[in-house]
Amino acid sequence: MSTTAATVTIRIPTPLRGFTNEQATVEVQGTTVGEALAKLVEQFPRLKPHLYNEEGRLRSFVNIYLGDEDIRYLQREATPLYPGAELSIVPSVAGGTH
Amino acid sequence: MKITETLLAQIRAHGEATYPEECCGLLLGKSYPEGNQVQALYPVQNRHAEQRERRYTIAPTDYLAAERAARQQGMDVVGFYHSHPDHPARPSATDLAEATFPGYTYVIVAVHQGRADELTAWRLAADRSRFEPEAIELEAESVNQP
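Here the protein sequences line up with chains A and B, keeping their order. Going by the numbering used here, the letters in the first sequence line up with residues 62 to 159, in that order. Going by the numbering used here, the letters in the second sequence line up with residues 926 to 1071, in that order.
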């Protein structure tokens, strides 16, 4: 496992682009998924409350995908990154009548 | 949101087809400061494990697929739709508890006894405290097809 920071692309969901100067993708450097996300909210602080709860954990409806894989089935935020990796912020959409 | 009558009819038809279960799908189009323009639908299967007549879930993998399909056509995911079988077209406590990011358009269609009825649009307030009604502006069909 490499400990060198990789440059990765993070895809921003449409409603959050108001907090990233309308950028659909943001490039950051990080060795892990958690580090890349920390860089993202450091660069765009107004994103933070939408992605993280008050305890500083990712909100329950926020899923992070590395390529086609949910990081929950990898090593969560400790998942190592590789150069050119693509991270997607994917909401869990649900509801109902009751 | 701006949308065509054809797309609204497709949402109603989806709600009738899955009755008595809830239908769901994604709204694809463009997001502008003045509101979302819906240009296409991406219907998906209701992935809720049980009680689909009162609950819906859009799988993250379906969201990812919809986002990719949208991108290939120069569009974005701008919202979601679902049906309320035998229930008013108003966001429920569950809808609010499960809400995602402010800025998406949430369309709800009521389906009574298998027939689509009222159709409404909503947007989560910036402080996440409630859903606010969103006006539905009908567009001419010709300018709106992707």
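Check before you lean on any hint, since a few could be wrong.
Listed next, the in silico DMTMM-like pairs over lysine to aspartate or glutamate satisfying Cα-Cα at most 25 angstroms (straight line) [to be verified]:
hint	chain 1	residue 1	chain 2	residue 2
1	A	Lys100	A	Asp131
2	A	Lys109	B	Glu959
3	A	Lys109	A	Glu88
4	A	Lys100	A	Glu138
5	B	Lys927	B	Glu1066
6	A	Lys109	A	Glu130
7	A	Lys109	B	Glu1023
8	B	Lys955	B	Asp987
9	B	Lys927	B	Glu1043
10	B	Lys955	B	Glu1062
11	B	Lys927	B	Glu1059
12	A	Lys109	A	Asp129
13	B	Lys927	B	Asp1042
14	B	Lys927	B	Glu1057
15	A	Lys109	B	Glu1057
16	B	Lys955	A	Glu138
17	B	Lys955	B	Glu975
18	B	Lys955	A	Glu147
19	B	Lys955	A	Glu88
20	A	Lys109	A	Glu96
21	A	Lys109	B	Asp1052
22	A	Lys109	A	Glu147
23	B	Lys927	A	Glu83
24	B	Lys955	B	Glu1066
Calculated from the model, a selection of chain A residues having no Cβ within reach of chain B, i.e. all distances over 10 angstroms [to be verified]:
hint	residue
25	Ala67
26	Pro74
27	Gln84
28	Gln90
29	Asn124
30	Ala146
Think of the hints as simulated: they come from the structure by calculation, not from any bench. Ideal placement from N, C-alpha and C gives every residue a C-beta, glycine not left out.
Holds or violated: A/Lys109 to A/Glu88, with C-alpha atoms at most 25 angstroms apart:
17 angstroms, holds
Does the structure keep B/Lys927 and B/Asp1042 at a Cα separation of 25 angstroms or less?
19 angstroms, holds
For the pair we were handed, A/Lys109 and B/Asp1052, check the Cα-Cα distance against 25 angstroms.
14 angstroms, holds
Between A/Lys109 and B/Glu1023, does the CA-CA distance stay at or below 25 angstroms?
Cα-Cα ~19 angstroms, so holds.
Hey, is A/Asn124 genuinely clear of chain B, shortest beta carbon separation above 10 angstroms?
Per Cβ check, A/Asn124 is inside 10 angstroms of chain B; nearest 5 angstroms; violated.
Restraint check for B/Lys955 with B/Glu1062, where alpha carbons must lie at most 25 angstroms apart
Distance ~14 angstroms between B/Lys955 and B/Glu1062 Cα, so the pair holds.
Pair hint outcome, A/Lys109 versus A/Glu130 [Cα-Cα no greater than 25 angstroms]:
Given pair A/Lys109, A/Glu130 holds - Cα atoms ~23 angstroms apart, limit 25 angstroms.
Given pair status - A/Glu138, A/Lys100, alpha carbons within 25 angstroms
13 angstroms, holds
Run the distance test for B/Lys955 versus B/Glu975: straight-line Cα separation, threshold 25 angstroms.
Violated, because 33 angstroms separates the two Cα atoms, which is more than 25 angstroms.
Has the given pair, A/Lys100 with A/Asp131, been kept, meaning a C-alpha gap of at most 25 angstroms?
20 angstroms, holds
25 angstroms limit on alpha-carbon distance, applied to hinted pair B/Lys927 and A/Glu83
21 angstroms, holds
Distance restraint between A/Lys109 and A/Glu147, which requires alpha-carbon spacing of 25 angstroms or less
19 angstroms, holds
Comparing the model with each earlier hint shows violations of hints 16, 17, 26, 29; every other hint is respected.
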